[in-house]
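> The primary structure of each chain is shown beneath.
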Amino acid sequence: MTRTILGFALVALGLAALAWLPTQVGAYGVGLLLGMTGYVVLASAWALFSGPTRYVSLATVAFFGIGAYTVAVLSETLPYWAVLLVAAGIGLAVALVVGLATLRLAGVYFVIFTFGLAELIRQLVTWYEVNVTGTLGRYIFLPISPEQIYWQLLALAALTIGIGWLIARSRLGLALKVIGDDETVAAHTGIDISGVKLALFAVSATIITLVGAIQAPRWTYVEPSIVFNPTISFLTLIMALLGGANRLWGPALGAIPLFLLFEWLSANFPSHYSIILGLMFIAIVFVVPRGVLAGVEDLWKRLRRKGEAA
Amino acid sequence: MTVFSRRSVLRAIGLAATLLAGVGTAAVSAQDRTSVKIGYAISKTGANAGGAGITTLPNYQLWVHEVNEAGGLEMPDGSRLPIEVLEYDDRSSSEEVVRAVERLATQDQVDFILVPWGTGFNLAVAPLFDRFGYPQLAVSAVTDKAPEFVQRWKKSFWLLGGGHDYTEALSKILLDQQAAGTINGDVAVISVADGFGIDLITAARQSFADAGLNMVYDVTYPVGTTDFTPMLNEAAASGADTFVAFSYPPDTFALTQQAQVAAFNPKVLYLGVGTGFPVYQANNGDKIEGIMSLGGIDVNNEAVMDYRARHEEFIGQAPDWWGSVITYASLQMLEEAIKRHGLDREAVSAELSTGTFDTVLGETKLEDNQLRQLWFGGQWQNGNFVAVAPSDREGASAPILPKAPWPAQ
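Chains A and B are the protein sequences, given in the same order. Under UniProt numbering, the first residue of the first sequence carries the number 1, and numbering increases by one thereafter. Under UniProt numbering, the first residue of the second sequence carries the number 1, and numbering increases by one thereafter.
Since the hints were made in silico from the structure, they are not lab data. Note that the coordinates shown come from a computational prediction; the quantities given were computed from them, not determined experimentally. Take these hints with a grain of salt, some might be off.
[What the hints assert, rightly or not] Here chain A is said to cover these stretches of chain B; the calculated rule only asks that three of the stretch's residues, wherever they fall, bring their Cβ under 8 angstroms from a Cβ of chain A:
1) 35-47
2) 83-90
3) 96-106
4) 173-182
5) 197-211
[Stated by the list, open to error] The calculated label-pair distances, taken between Cβ atoms and stated as ranges, are:
6) B:D144 / A:G278: 36 to 42 angstroms
7) B:G362 / A:H272: 40 to 46 angstroms
8) A:I282 / B:P250: 26 to 32 angstroms
9) B:P222 / A:I282: 31 to 37 angstroms
10) A:E119 / B:P76: 53 to 59 angstroms
11) B:Q107 / A:T135: 31 to 37 angstroms
12) B:P76 / A:V287: 54 to 60 angstroms
[What the hints assert, rightly or not] Partial list, computed: chain B residues near chain A (C-beta under 7 angstroms):
13) S93
14) A193
15) T220
Think of the CB as a built atom: it goes at the ideal place given N, C-alpha and C, for glycine as much as any other residue.
Based on the provided sequences and hints, a complete structural model is requested.
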């Protein structure tokens with residue numbers, strides 16, 4: 001119990017320090033923090049669903065784009081907080097519809113479906129803009145500073161990790177563990193498998209939608225090819241995998257170093273970035289397939305066993 | 001035996017200290033300026049790399065090379081400082097281009113920032129150029145909203161016109177030809193369902209209606225379409241003498257091939273982006289004679305033709321016939337403004353806005369921060385993509401219409 005309280009106090013202190021950080025670093029530092037926090041939220045939200053269920057989702061950018069586009073469409077007509085609410089609502093609704101239709105798919109079928117979903121939504125938005133509104137690009141002129149975007153993302157990150165923590169300690173978390181280990185067993189113990197998966201998918205998708213909505217004012221101009229960029233899905237996936245999708249802090253611990261590494265690479269090796277990125281993807285999958293955290297734990301166990309044997 | 005005698009160690013330390021001190025002084029005088037830092041983020045990879053690699057990047061390289069060959073950028077006091085380039089790849093991602101420009105402005109603290117390629121990316125970075133006080137000479141951005149943007153971002157400059165400029169120029173050519181009895185007043189139009197195509201078709205619907213032209217066929221196709229035969233057949237069946245495609249490069253190339261196969265011979269054939277690419281001419285040879293598109297060059301302007309020759313020599317390929325020369329001219333304007341006001345960005349921006357410059361385009365002056373001396377329509381004539389619109393501007397060639405049918409296959 002005291003450990004939990006201590007943990008909370010530490011996290012609160014950490015959050016306060018992070019929230020204070022933008023006053024100390026320049027505009028570039030804030031941009032860096034902002035991008036990093038964005039990916040921490042994306043990876044953590046992705047892992048909420050994909051970690052325990054082992055459903056590899058490439059739909060991240062579909063929801064991210066929905067969020068950004070909602071802001072672009074509504075920023076002139078509604079107050080900002082209402083836009084965020086509407087964005088979250090749309091994300092949730094789409095996630096429920098999609099989840100109901102597809103969460104019975106498994107394995108590679110689900111991966112392909114989610115990848116297609118992002119493209120489907122992008123084409124739908126394009127079709128609508130072409131045939132109904134007759135313009136493709138939309139402008140977002142909101143007086144929101146990068147610091148404010150960063151604070152919103154930070155709050156969302158805290159919320160996401162908080163939700164992950166709560167789920168892990170609830171009946172839902174236990175049900176998830178069973179599903180992840182063996183779906184047949186889970187069904188026989190009376191767990192409502194599709195209900196649990198749907199709930200999780202919806203929560204994760206809503207958070208991802210909010211990330212898109214919060215980050216959109218930074219770009220001024222939004223069009224489908226910009227906000228439905230599939231790289232976002234891949235980066236989220238690889239960050240979560242690097243850290244370990246089954247650990248509470250895993251995705252965050254994957255996102256931060258990878259983001260900084262990408263930033264360093266693009267600043268210092270702008271021409272070789274894509275090659276190095278591809279090699280890293282391969283390396284992560286081969287060397288630490290279960291994530292760095294799990295890898296470290298394995299190593300620790302092995303060392304201890306060796307120590308005991310000796 | 002000791003390998004190092006005390007004396008030699010002392011001597012080495014002394015030498016090192018002198019060297020360090022020397023480097024220290026060098027570092028101090030570096031702040032006294034030995035170069036001008038110019039940075040840019042450009043799409044070297046990803047979806048935008050094709051356009052950026054033809055219209056923008058080669059011209060940056062050519063300009064930097066030429067300036068440094070001449071000893072560097074000239075300052076108001078007549079001294080010259082070489083350009084030091086910082087180049088980032090934005091990987092065709094808008095978050096990346098935003099962060100790269102932030103990095104250039106606040107980390108690298110460059111003196112000037114050159115613009116990225118594309119309408120969307122120029123808009124994405126416009127608030128940053130404004131906030132950090134850099135002039136933004138946006139070239140590869142076709143937008144009808146330029147006057148609005150100039151109000152919002154005082155140091156932004158928009159150099160390639162808007163969709164309406166191009167469609168109005170086209171409808172004027174068509175009206176003239178209709179009056180001369182060359183073509184009928186029916187127009188068939190297809191457009192790509194993406195930024196450029198949608199802007200242009202929206203503008204064209206209005207321009208054509210204003211001109212009293214009759215759009216008998218108006219279809220939008222998704223990005224990535226490869227088979228245009230059905231559209232070409234329907235356009236042919238519509239009886240229109242004019243066929244217009246607001247297309248992207250791959251579509252433009254495919255349309256050119258498939259129109260030949262289908263023996264589709266409209267009297268006016270107007271295609272979109274890519275018609276002015278060097279590879280288009282290389283691939284299609286003489287068959288492109290008479291095809292029209294956006295942009296164009298006054299081939300009797302020696303400065304422009306000289307620029308084209310230098311570009312081909314240094315880069316290894318010719319520039320395109322639309323945006324390239326504008327990109328180069330924008331850099332010449334910047335160079336000249338720096339010569340007049342040094343590295344004071346406020347003064348350089350003001351000079352760009354109000355000054356008159358001598359560039360490859362001739363005497364160049366911006367109106368309300370926009371370049372209006374542009375060629376809005378061109379036509380392939382004898383291996384050159386010559387400017388035909390606006391027809392009242394000096395240097396314009398007369399369009400040769402109707403376009404001759406494709407040579408027999």
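> For each hint, tell me whether it holds in the structure or not.
Results for each hint:
Counting residues of the region 35-47 of chain B whose beta carbon lies closer than 8 angstroms to any beta carbon of chain A gives 3, which meets the minimum of three for the stated coverage. Residues of the region 83-90 of chain B with a Cβ under 8 angstroms from some Cβ of chain A number 3, which satisfies the need for three, so the listed coverage holds. Coverage of a stretch by a chain is defined here by at least three residues with a beta carbon nearer than 8 angstroms to that chain's beta carbons; for the region 96-106 of chain B and chain A the count is 8, and the condition holds. With a threshold of 8 angstroms between beta carbons, the proposed coverage of the region 173-182 of chain B by chain A is violated, since 0 of its residues qualify and at least three are required.
Note: the region 197-211 of chain B has 3 residues with beta-carbon separation from chain A under 8 angstroms; the three-residue rule is met and the coverage holds. Between D144 (chain B) and G278 (chain A), the C-beta spacing of about 40 angstroms keeps the proposed range 36 to 42 angstroms intact. The given range of 40 to 46 angstroms is respected by G362 (chain B) and H272 (chain A), whose C-beta atoms sit roughly 41 angstroms from each other. Between I282 (chain A) and P250 (chain B), the C-beta spacing of about 30 angstroms keeps the proposed range 26 to 32 angstroms intact.
A C-beta distance of roughly 33 angstroms is found between P222 (chain B) and I282 (chain A), which places it inside the suggested range of 31 to 37 angstroms. In this structure the hint that E119 (chain A) and P76 (chain B) lie 53 to 59 angstroms apart at CB holds, the actual value being about 54 angstroms. About 36 angstroms separates the C-beta atoms of Q107 (chain B) and T135 (chain A), a value consistent with the hinted range of 31 to 37 angstroms. Between P76 (chain B) and V287 (chain A) the Cβ separation comes to about 57 angstroms, which falls inside the hinted range of 54 to 60 angstroms.
The interface hint given for S93 (chain B) is met, as the beta carbon of that residue sits about 6 angstroms from the closest beta carbon of chain A, less than 7 angstroms. Restraint check, A193 (chain B) versus chain A: the minimum CB separation of about 5 angstroms is within 7 angstroms; hint holds. A distance limit of 7 angstroms between C-beta atoms decides the matter here; for T220 (chain B) the minimum to chain A is near 5 angstroms, and the interface restraint holds.
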